[in-house]
Structure formats: structure tokens, C-alpha cells
Amino acid sequence: MDSDSVKKAIIKQVILEANIQNSRHLVEKINENCFEKCIPKPSSSITSGEKTCVTNCMEKYMAAWNHVNATYMRRVQEEVNKGSFAT
Amino acid sequence: MDSSAQASVSTADIERLSDKDKADLRQVLQKEEQRNFIQSQSHLFTDICWKKCITGTIKSNVLDSSEGTCLANCVERFLDVNLTTQNHLAAMRQRHGQ
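These protein sequence lines are chains L and X, in that order. For the first sequence, the residue numbers in our numbering are 3 to 89. For the second sequence, the residue numbers in our numbering are 12 to 109.
Hint data in this document are derived by calculation from the structure and do not stem from the laboratory. Watch out, some of these pointers could steer you wrong.
[As the list claims (entries may be wrong)] Calculated cross-link-like contacts (lysine-lysine; reagent style DSBU-like; alpha-carbon spacing at most 35 angstroms):
| no. | chain 1 | residue 1 | chain 2 | residue 2 |
| --- | --- | --- | --- | --- |
| 1 | L | Lys14 | X | Lys70 |
| 2 | X | Lys31 | X | Lys42 |
| 3 | X | Lys31 | L | Lys43 |
| 4 | X | Lys62 | L | Lys10 |
| 5 | X | Lys70 | L | Lys53 |
| 6 | X | Lys33 | L | Lys53 |
| 7 | L | Lys31 | X | Lys62 |
| 8 | X | Lys63 | L | Lys10 |
| 9 | L | Lys31 | X | Lys31 |
| 10 | X | Lys70 | L | Lys43 |
| 11 | X | Lys70 | L | Lys84 |
| 12 | L | Lys10 | X | Lys70 |
| 13 | X | Lys31 | L | Lys84 |
| 14 | L | Lys53 | L | Lys10 |
| 15 | L | Lys84 | X | Lys42 |
| 16 | L | Lys43 | X | Lys33 |
[To be verified] Pairwise CB distance ranges, derived in the manner of DEER restraints:
| no. | chain 1 | residue 1 | chain 2 | residue 2 | range |
| --- | --- | --- | --- | --- | --- |
| 17 | X | Ala23 | L | Ile22 | 19 to 29 angstroms |
| 18 | L | Ile17 | X | Arg106 | 38 to 48 angstroms |
| 19 | L | Ser25 | X | Arg106 | 40 to 50 angstroms |
| 20 | L | Met3 | X | Asn84 | 42 to 52 angstroms |
| 21 | L | Glu19 | X | Ser71 | 29 to 39 angstroms |
| 22 | X | Phe48 | L | Met64 | 15 to 25 angstroms |
| 23 | X | Ile49 | L | Ser45 | 38 to 48 angstroms |
| 24 | L | Ala11 | X | Asp30 | 11 to 21 angstroms |
| 25 | L | Ser45 | X | Val39 | 27 to 37 angstroms |
Just so it is clear, CB atoms sit at the ideal spot from N, CA and C, and this is done for glycine as well.
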């Protein structure tokens, strides 16, 4: 491999691993928070109502994550512009 | 998922990197680290703000507008707390002579 393809391979691998890590983290949080919301009292088997709640909750949690992430990034940019993070 | 690229970079390959590519890599990795930091903070904030803002039962798969506003305010105020703590800590440190 030449220098350029080594560089590209490393970048690809690093991004791939970060994305895997990020989606694992998201799934873990969805399980925690949607279990809490949708299964208030665990019964002997999961009901169809609970399943619907879980899938709705999952999509809603992802929407919440995106909303939070966008708000956070906007604020970081604002603080950078204000010079709050003086180096 | 394409895993064929995995483990294809050896130590010998890394030694083959030109100085320019090393510098490029350093820059890309630094940006990547920043992106990861923001993403992991977003996981923390979503967890905290979900608990504060999504209080009723789940009736749909979308956020309603009041939930959206609550989430945004929650993030903003959490960051205010963060900044206030940091600033106050700096002030306390100064007051106590480092």
C-alpha cells in the first residue's frame, strides 16, 4: 500500500468504529428509556400494545437525539463565535 | 458491512506514511475526536432531557412541538449550568489563591 491508501484505510476504519460505537450507545439508551416508558409492570409476556409503544418510543427517541444534537451543535458554534472557549 | 478493509493496515504500512499524510491524518483524527465528543455528550443530554420532557405515555413516534421546545430549552439550560459551574470554579480557585 502506498501512503495515500494507508491514510484512507485508517480514516475509513476510525470512522466505521466510531459509528458502530455511536449506534451501540443509542440502542442502549433506547432500551433503557423505552423499557422504562413502555413496560411499567412486566407481565408474563409482552403485549402487542407494549410492542407498539416500544417501536413508537424508539423512533421518538431517535428524533429526540437528533433534536438535542442539533441544538447542542448550534450552541457550541454560538459559544465559539462569542469566544467563550478562550484558549 | 464491509470488513475486508479491517486489519489490512499493518505497522509497516503506517511507517510508509508520508509526512504530509501524517499531518492530514492528525487533522482528520482530531476532527473525528471532536465529533465523537459531541455525539457522546448528545447521548447524555438526550437521556437527561428525555426524562424531563417526555413525561406522558408514548402516543406517537414523533415529537410534538411542546416536547421539541422543552428538549431544546433543556439542552440550553444544561449547558448554562455547565458554563456557570466552570466559571464559578475558576472564580473560587482565584479567591483561594489557586
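Okay, the hints, checked on the actual structure:
1. Pair hint Lys14 of chain L plus Lys70 of chain X does not hold up; C-alpha atoms about 40 angstroms apart against a cutoff of 35 angstroms.
2. With a CA separation close to 17 angstroms, the supplied pair Lys31 of chain X and Lys42 of chain X stays within the 35 angstroms bound.
3. Taking the CA atoms of Lys31 of chain X and Lys43 of chain L, the gap is about 59 angstroms. The hint is violated against a cut of 35 angstroms.
4. Restraint check for Lys62 of chain X and Lys10 of chain L: the C-alpha separation of about 41 angstroms exceeds 35 angstroms, so the hint is violated.
5. At most 35 angstroms may separate the alpha-carbon atoms for a hinted pair to count; Lys70 of chain X and Lys53 of chain L meet this at roughly 12 angstroms.
6. Using a Cα cut-off of 35 angstroms, the hinted pair Lys33 of chain X and Lys53 of chain L is violated, with the two alpha carbons roughly 50 angstroms apart.
7. Of the pairs offered as hints, the one joining Lys31 of chain L and Lys62 of chain X holds, with about 12 angstroms between alpha carbons and a cut-off of 35 angstroms not exceeded.
8. Of the pairs offered as hints, the one joining Lys63 of chain X and Lys10 of chain L is violated, with about 42 angstroms between alpha carbons and a cut-off of 35 angstroms exceeded.
9. Of the supplied pair hints, the one linking Lys31 of chain L and Lys31 of chain X is violated, its CA atoms being roughly 40 angstroms apart against a limit of 35 angstroms.
10. Restraint check for Lys70 of chain X and Lys43 of chain L: the C-alpha separation of about 18 angstroms stays at or below 35 angstroms, so the hint holds.
11. Restraint check: the Cα-Cα separation between Lys70 of chain X and Lys84 of chain L comes to about 40 angstroms, which exceeds 35 angstroms; the hinted pair is violated.
12. Of the pairs offered as hints, the one joining Lys10 of chain L and Lys70 of chain X is violated, with about 45 angstroms between alpha carbons and a cut-off of 35 angstroms exceeded.
13. Distance check on the hinted pair: Lys31 of chain X and Lys84 of chain L sit about 33 angstroms apart at the alpha-carbon level, within 35 angstroms; holds.
14. Proposed proximity of Lys53 of chain L and Lys10 of chain L is contradicted: the alpha carbons are some 42 angstroms apart, above 35 angstroms.
15. For the suggested pair Lys84 of chain L and Lys42 of chain X, the alpha carbons sit about 21 angstroms apart, so the restraint of at most 35 angstroms is met.
16. Of the pairs offered as hints, the one joining Lys43 of chain L and Lys33 of chain X is violated, with about 55 angstroms between alpha carbons and a cut-off of 35 angstroms exceeded.
17. In this structure the supplied range 19 to 29 angstroms holds for Ala23 of chain X paired with Ile22 of chain L, their Cβ-Cβ distance being about 26 angstroms.
18. Evaluation of the 38 to 48 angstroms hint for Ile17 of chain L and Arg106 of chain X yields a pass: the beta carbon distance comes to about 45 angstroms.
19. A hinted range of 40 to 50 angstroms for the beta carbons of Ser25 of chain L and Arg106 of chain X is consistent with their spacing of about 45 angstroms.
20. For the pair Met3 of chain L and Asn84 of chain X, the beta carbons lie near 50 angstroms from each other, so the given range of 42 to 52 angstroms is met.
21. For the pair Glu19 of chain L and Ser71 of chain X, the supplied restraint of 29 to 39 angstroms holds, since their beta-carbon distance comes to about 34 angstroms.
22. Taking 15 to 25 angstroms as the suggested C-beta distance range, the pair Phe48 of chain X and Met64 of chain L conforms, at roughly 20 angstroms.
23. At roughly 40 angstroms, the beta-carbon separation of Ile49 of chain X and Ser45 of chain L lies within the given 38 to 48 angstroms, and the hint holds.
24. Distance hint check for Ala11 of chain L and Asp30 of chain X: the Cβ-Cβ separation is about 18 angstroms, which falls inside the suggested range of 11 to 21 angstroms.
25. Here the CB-CB span from Ser45 of chain L to Val39 of chain X is close to 50 angstroms, at odds with the stated 27 to 37 angstroms.
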